[in-house]
Every structure is written in structure tokens, then in C-alpha cells.
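Chains as they are written, first to last, in our numbering: chain A, 3 to 628; chain B, 182 to 707.
By construction, these hints were calculated from the structure, which means they are not laboratory data. Check before you lean on any hint, since a few could be wrong.
As the list claims (entries may be wrong) - Some chain B residues close to chain A (C-beta under 7 Å, calculated; not the full set):
no., residue
1, Lys373
2, Leu376
3, Ala403
4, Leu504
5, Ile633
6, Ile637
Unchecked claim - Distance ranges between label pairs, derived from CB positions:
no., chain 1, residue 1, chain 2, residue 2, range
7, A, Trp590, B, Leu682, 24 to 32 Å
8, A, Leu152, B, Leu588, 48 to 56 Å
9, A, Ala38, B, Pro655, 55 to 63 Å
10, B, Ala636, A, Pro563, 50 to 58 Å
11, B, Pro587, A, Leu152, 26 to 34 Å
12, B, Pro626, A, Pro272, 47 to 55 Å
We put the CB at the ideal spot given by N, CA and C, even for glycine.
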Amino acid sequence: MQSLIWLAIALPLASSALLLLAGRKADAWGHWVGVAASGGAFLVGLGALLEMLGQPEESRAMVNTLWTFIPGGDLNVDVGLLADPLSITFVLLITFVGTLIHVYSVAYMEHDPDRRRFFAYLNLFVAAMLLLVLADSFLLLFVGWEGVGLASYLLIGFWNSKPEYATAANKAFFVNRIGDIGLIIAMGLMFATFGALDFSTVFAQAPEATTAQLTAIGLMLLVAACGKSAQFPLQSWLGDAMAGPTPVSALIHAATMVTAGVYLIVRSAPIFSGAPDAQVVVAAVGAFTLLLGAFIGMAKDDIKKALAASTMSQIGYMMLAAGLGPIGYAFAIFHLVTHGFFKAGMFLGAGSVMHAMNDQVDMRRYGALRGAMMVTWITFGLGWLAILGVPPFSGYFSKDKIIEAAFVGEGWQPWVFGGAALIGAGLTAFYMSRLFFMTFHGKARWTDDQHPHESPLLMTVPMMILAVGSAFLGLILATGDRFTHWLEPVTGHAEHHDPVLPIPVLIALTLILVAIGAVGAWFKYGRADVPEEAPAASLVTVAARSDFFQDSVNRAVAQRPGQHLTRTLVYLDHAVVDGAVNKQARGWANLGEASRRLQSGQVRSYAATMLVGLVIVAVVIVVGGL
Amino acid sequence: MTFTTPEIAWAPLAPIIIVLGAASIGVLIEAFVRTPATRRTVQLILGLVSMAAALGTLAVQWASLDGAGTQVMRLMLTVDRQALAWQSVILVFGLLGILLFASRTRSGETAFTPLGAATPGSIEETLARRRGLEVTEVFPLLLFAVGGMMLFTCVTDYIFLFVALEVFSLALYIMVALARRRRLMSHEAALKYFLLGAFSSAIYLFGVALVYGATTQTSFAAVGRAIDVISDRDGLLLAGVVLILVGLLFKIGAVPFHSWTPDAYQGAPTPVTAFMGAATKAAATAALVRILYTSLHPLEWEISWMLWATAIASMALGTVLALVQTNVKRMLAYSSVAHAGFILVAFAGLTAEAVVALPFYLLAYGLATIGAFAVVSQVRERTEDGAVGAEAVRLGQWAGLGKRSPLLAGAMSLFLLSFAGIPLTAGFIGKFEVFSAAVAGGGWPLVLIAVIASAIAAFFYVRLVVLMFLTDVPEGAEDSIEVDDSPLTRFVVVVTAAAVLVLGILPAGALNLFENAAQFLVTANG
């Protein structure tokens, strides 16, 4: 199946095209086509995995060159797909979680008249995301990168009849453009340095490049990753992206697309290994974002925005791990996979709650939903335990490893990065428990017309499957370091290093902080009464509620100067560029008007013109030449 | 003194003989077939069949040509692939032209006056129109013109070249005078064309006389050899050469010998303008190529600046004057002057590439010209009683044509873009080939000017496109314009548009053909 991996992209792409072109005729059955396409892609990926497992480790990577994309003298770009352990991991995550979310969406979007279009976009997303992770060159990766950006834009703005949703889609798109430009510059630098854009050539030549070149490329790749993965300072779009339907938030803005930045960093490992400065910046961005996201998460009352902040924070963990080099790569991907399960599960749970509460998103109007929605409570609870990192649930195996790895090193780095990761764990426990208790426990603070009920099976079954994953996937993959071993052909083998603190101490510290966070949240939001309106709070909370004024900052730093710049340019274009063109055009027209007089309409003057011309030519040639 | 009958190899002349013979038969038909409608049908069929037969004969000759070609009547005529290629191009223009000549409006009127001899606006003219008379002499005239032009491309003797020149010119002078509407303007145009043409013929003949005086030769090859022998630069020879070239530049329409072009293009019946614009330029270019490459090439250094100067003057003046025209036909006329300049650009350095580029350029230009004038002949004013009136040639009247007739306006846009040299049209390939030939010959300053001129020229071509598609029909003028629907003209428009596109996208076939044709037969003997 490895050589047929292109089918995984082709199936959802074809389905997307079919659903978009078939129009209203496909309304009745279109969503099932979408589900089947996504499921088919999963089966292809599964086949590839099984085939790969049967091969010796060193020959697991396989490049399928499909056709030549851009033939050119110095630049030959082939369209090729790279199936190796890393990309297959992503393929399985994307298609498995994707298929579950497709199924969930069948029920969730049942009453939406545009459900077929929704599935077309979802399929488009799956195809683009698979292209992103299967590409064997940065250029092809960029095609997928832009494709998921487009799908994300279309899906955030799916209900674009509401202006603020359309604005949110635009915002996501614009902020992502900044990241895209980073990727374009990185590709330009690579082409200048290596003369190629395919992974094998670039990575083979990377050790020969200078540190400065590699650092520049690495930082530009980081800019790209920050845009797509909502890392500081390009994080502002993710909260607004929650305007999209909840399955979209679960699939794109939690489990898959936003992790593309992490994928990019891990895939570009050979470049970063030659650029330690760039690596430190990656880790620093991750550490900062994980704390930033955690603080925002503590202040949000909108359940989806709180989950979005949590996503930002968790990707910060992955970014931090990716910035640690070979010892962190495998854990970054490991956490990415487990996070994909439990966060998608919790988003679906949130969707189920919203479904039950007439699309209410304010957690201050929830409470005591446990009784009404037992399945949602259990599945969400498993996700909650997983993200907290309570043993033996998934998050424990992935997040704790990152914390341990962050403490490895010399000088200030282990203390800063490790400390951030450790504190982040406590904060995570607090805000996730706050979310969990405010939603499912305490007193009911519902509005009068709300009658919560459990969601249909089409929605709860995917939630249950994801919950099982949240609970046990970490344990299964961590046993015997199975997962890190599996990724070794790509991420390289990492020597074991001892953290600056002993591992048992770290585990104990982490668990204590998590317990403090969770218990604190229980006292404040579980047992005590939660006010229905957000109370006046400290300056920090107010700042966190408004995402630390990110929009104001962006407006002041980027938007206003940008507007001034464009206005000036428009003026200059009008006055100088157009002015020059128009002036000289008028000059030509005047010249025409003047020479028009020569054409008097009188045949004698015509003959005279000929004669004069003839005489001039003859005189110059005959007399001048002699 | 005994005369020996000259040995004439008739077979290589078969295509020309077929066309000129058909023209003569056409004159007889004028005398013997009395009903105008029947006469027109018979003439059209005769013209089509004879030109198609000539084309077929050409193809056979092309395939069976042994060696470089054949000399006919000692050094008078040379039938080589170069000549065959140009003759085919002219025949294609002739075939398209005759279809335009035969087409009629919905109300059944042709583009030609019912009685050429009648005074405009006189009783005789009205009577002739009422009786449904038709000047079907235009068909044999067209055949004479085509035959003369074909001859023009294969003649290799300066005196005989003059004969061929007059054969097609006289036919053209008459056809220009036969417009149905705006008769006075048509007469005026024909008279001007005739007077200036006679003037240029005189100049040409004078030049031939001087060259004969200097070299005692009249055949191309012999003159060429004689020039080689003359060691110092002979004033008599140079003056003669200049005069000969002026005669040809007049036919191409290069500045400052272009004055007839706008008036003749505007006054002539539009089908005649279409044919004349395409075919005359091709024939004159063919002769110029042959003369420059087989006869005057030893003087390349002396005459090159003359060609450069006329090329620059033509491009500059043609372009700026086209900018300010408000009449579609005049605008296209000045555009043809600018194109004459582009054609002359190719002669920079007399490269081998130019011999391939020029036939292609002329083919592309001619197809677009015929198509464009065919469109012009379809856009009509509506008279007050609702009948189809004269052609709407004011630019403003074309506003919103895209809504009235997307097919015509789309085809017209294609032709205009081809004139402008926009990629995916034949005009682009033609310009590209011509310019690269000039660059290869060291004429890059010329090419630079040509590119600038093309950029300026794009303005007035695109302006018409904008007018047709992006401008609304003026208020109250909705009924003033009518798009006439004549099947023959429509057919010509579609065929030329398709050809312009095909040559623009897949030019390889035609270019290969012209590459095979890029050799001259220059024999020493005779």
C-alpha cells in the first residue's frame, strides 16, 4: 500500500470535487460520500502502516515520484510522496480522527442546509493535510500548507452570513499569510543555499551549509510554524477561529492543522541540528506560548475559546520539545498524537454540550450537566484526565516526557524551559479542571429555555472512541518506548541524558502541581457557586480575558502602519507611476495630433512627401556615401 | 538576324496560368451571362475553383520540386520553394478575399456599387440600383490581382517585376473605386492611389534605368554579380538602387511613402481593403526579400541605414497617428503602416532567420487583417427607416459591441491582440520571430524601438477591445447600430480567428514549412 499512498490524497480530493460540482443533487447522500472518502483514506494509510511494519527499519522510508511538477533548467521539482514512519503517523492520525469527526458531523450538521458543502470542505482539508505531511519536498509541502489554509478559511467562515464569522475567517487567513511568507522565504533561502527543495537533497547537504545560513532558514521555518500553529506572536487568530462549526475546531484547530508547524520543525530536523540558536528560539517560543495559552485559558468563559487557549498552550509544549533537538522530537510527535485524540474528544464533547444547550457557549450558564449528559461527561472526563497528565492516561506519558526532556541540558536553559513546562502543567490542571467543573458540576445555571439532553449515537460513538484513545493510547505507545523507537529512522536516535533533577523528583513535582491545580479549581468552581456574570477581577485576569490585548497590539504594530504604508503607496502609484504613464501617453497623443497635419488629404502634398523622403534618402546615400 | 523562339517551361508556371486564365474567362463571363445573380454565382465558383486548383498545383510542385527550383525564360522567372510559399500565402488571402467580395447583407446588397461608371448620386446610379445591377467585374479583377501578385513573388528580373507590379496594381486601383456607399470618397481614394502609384512606378522604372546604366543588366542575379565587380561606389548605381527600393517601399506602405494608405484603406470597399491590406503587403515583402537577398546584398552596408530609417519612421509615425484616429478603418490603416515598419525591422543584417520569419509574419498579419476588416464590414449603421445602412466606422459606435454580438467582438479582439502581438496569437509568434531575426543580425536598437512602438500600439488596439466589452451602449443609441449577419463573412471571420489562434498556439508546422522554403535559387548561367 505504500506505493498506493497517493490514493489517500486522491480519494478525499475527488470526493470534495464531486460534492462541490454535484450541487444540490448530492444533498441527500453527499455527507456519506465524504465519510467514505475519509474512511478510505484511513484504510490506505493503515495498509501502508502494516506493510511498513513488515519491513526492516532502515528501508521503511519510501519516495514515490508521481510526475514532474516544475521542469526547469536549474530547478526541477518532482511531485513525489514520502511515506516514512513520521508521515504515516500523521496520515493515520489525520484520517482516523478525521473519519470520526466526519461521522460526528453527519449528526451535528444535520439541520444545516449546506451540509454537503461542509463535507466538501472537510474532504478538501483532509486531502490538503495529507499532501502536506506526505510531500517529499518543501515546495509540495507548501501546496498542502496553502491548501489547509484555504480549507481552514472556508470552514471558519462557513457561516459567513454573520459578519463577525467572516471577519474571523479573514483574520485567520491574514495572520497565516505572515507565516506563509516565512515559508516562502525559507524556500528561497534553501534554493539559494542548496539549489533544491526536495527533502533528500536539502537534508543531505545541510551539514555542509554554514551555521548562519541554517539559522536563517530555521528562523524562517519557525515563522511559518508560528503562523500555522498559533504560536506567539502569531497566535491571535486561533481564538477567533472558534467561529467555525465545532467539528472543524476539533479536527483542524485542535487535532491536525495547527500541529503542522510542529511537523514542519520536526521534519526539518537536519536543518535545526546545525542551527542551535534557531533551536533555542523555537524552544523559547514554545515555552512562552505554553504559559501564555494557559493564562488565557484560565480567564476565558467561552468553552470553545478556553479549549482553543489550551490547544495553543499544548502546542507550545510540542514546540518546546521540538526545540530541544533529537531528545525532544519523538516526544513532540508523541504528545501531538495523544493531544490529537484527547483534544478532539473534548471539542466534540463541547460540541455535544452546545448541541444540548441551544448553542450556548458561556460556561457560566452551564453547570450540573453530568446528570443530563452521562456519555458526554464520561468521555470528556477521560480527556480531562488525559490532558492533566494523570497516570495512566495518555497525557501522562507524553507530557511528562516533555517536562523531563526540558530539564535536560546545561546552564540556564533546563531551568527556564523545564520550569515553564512544570508550571504549565499546574496551570493546565487548574484551567482544565475549571472548565470541567464549571460545565458538568456545581449548580445548574441554565437559562429558562434550555433542556439539556444527550446527543444522538452518531455523535457519541466517535466521542467514545476518542475517549478510549485518550485513556489508553499513551500507555500502549509508551510501553517499551515503542513509539520513539518507531520514529527513530526519522528523528534519529537520542542518547539518554539525565535531567538536572532526578526523574522521580520531577514526576512527583509534576503530579503535586497538577493535584494543587485540580483541587484549587474544585474549591473555586466545583463546590463554590459560580456567578452567572463574570465578576470584576484583577488586572491580570482582565488582560487574560482580552487575550493580553493581542488585537490592540497587532493593530498598533502592524495594521495602522500597514494602512499608512499602503495609502502612501497608493498615492505614489497614482501620482508618480500613473502620472508618468499618463503624461507620456498624452505626449504621444499630442505628437499624433501634430503629425496628423501631414496627412492633409491633398494628393499633391502626398506626392511631395514621397519626393522629399526620396530626395533625402538619395542624397544621403549617393552624396554622403561617395 | 534570326529570332529563336524562346524555350519556355510552362509547367512551373501552372498556378499563375490557372489564375490568370480564370480571370480572362471571368471577363468573358461578364459579356455572356446576363443575369447579375447568376453571374455572381458563376464568378464566385470560377474564382474559388481556380484558386483552389492553383493551390493544389502549388502543393504538387512543392512536393515534386527537384533541387532548388526551376528557372523559366532564362533568368526572368524563378520558381523555387520561396516563391511557392509566398504564392500559397497570397492564394489563401485571395480565397478569403473572394468570399468577402461575394457576401451580401441581409437586404441583399453587396459592398460594391451597382454601376461603376455612374456619377455618384446621379439618376443612372439610382436606376442601376433599382434594377439590381451588380459590378461582378470585381471577381476577375481580384483574380488578376492575385495572379499579378503571384507573379510578383517569383519574378527575378527588374523589368519583368514592373510588369507584374502593374498587373496587380491596376486591378487594385479599379477595385478601390467601386464602393457602394460613400462613393465620392471611394473615387477620391482610387484616384489618389492611382496617381501616387503611377508616381512610384515612375520612380521605380527610373531606378531600373539607372541600374541598367550602371551595370548593363536587368536580372536580379546578374545585377548582383555586377555590383560585386564594381569596385568603387558608383553614384549611378546607388541612385538607381534607392529609386528601386522606394518603389517597393511604396507598395509595403512604409513612411514616408505611406501617404496613400489611410485614404485608400478608408475609401475602398471594405472587402477590397481586407484583401489589399493583406495581399499587397505580402507580395511586396516577397519581392523585397528576393531583391535584397539575391541581388542587392553586396550593397547591404549602404542600404541598411535607409531600411533602418524607414523602419523607425514607419513604426513611430504609424503608431502615433493610429493613437489619434477615431475611424476604425483609418486606425487599422495606420496600424498597417506601423506593421510595415515591423516588417522592415526583419531585414536588419539580412539574416537567414528573417527569410523564415517574414512569410510567417505576413501570414499572421494578413489573416488578422482580413478577419478584422471582415468584422468591420458587419457592423452597420441603421437607417431611419430601419434598413441596414453604411458601415459604422466611428470608434464610438463600437461601444458595447460585445453585448450585441459576442462572436464578432470576440473575434475582433483576437485580431487586435494579434496585431498587438499578445502571446497565444499568431501575431506574437510573428513579432517574436521577426525581432529575434533582427537581433541575430545585430539590429537590437531597431528591435528596442520596435518593442516600444508595440507597447504604445497596444494602447489603441486594447482601447477598441475595452470599448467593445467594457463600455455600455450609449443612452438612446441602442438602435442606431446593427450587426449584419452574412454567412460568408461570418465564415471568413471564424476561419481567420481560428487560424490566428492555431498559428499562435501551434506555430511549429507553419514555421517548418517556411523553413523549408528559406532557400533561393540563384544560378550563374543564363
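Hint check:
| no. | hint | in the structure |
| --- | --- | --- |
| 1 | Lys373 | holds, 5 Å |
| 2 | Leu376 | holds, 5 Å |
| 3 | Ala403 | violated, 22 Å |
| 4 | Leu504 | holds, 4 Å |
| 5 | Ile633 | violated, 10 Å |
| 6 | Ile637 | holds, 6 Å |
| 7 | A:Trp590 with B:Leu682: 24 to 32 Å | holds, 30 Å |
| 8 | A:Leu152 with B:Leu588: 48 to 56 Å | violated, 36 Å |
| 9 | A:Ala38 with B:Pro655: 55 to 63 Å | holds, 57 Å |
| 10 | B:Ala636 with A:Pro563: 50 to 58 Å | violated, 36 Å |
| 11 | B:Pro587 with A:Leu152: 26 to 34 Å | holds, 33 Å |
| 12 | B:Pro626 with A:Pro272: 47 to 55 Å | holds, 52 Å |
When the structure is compared with the earlier hints, violations turn up for hints 3, 5, 8 and 10 and for no others.
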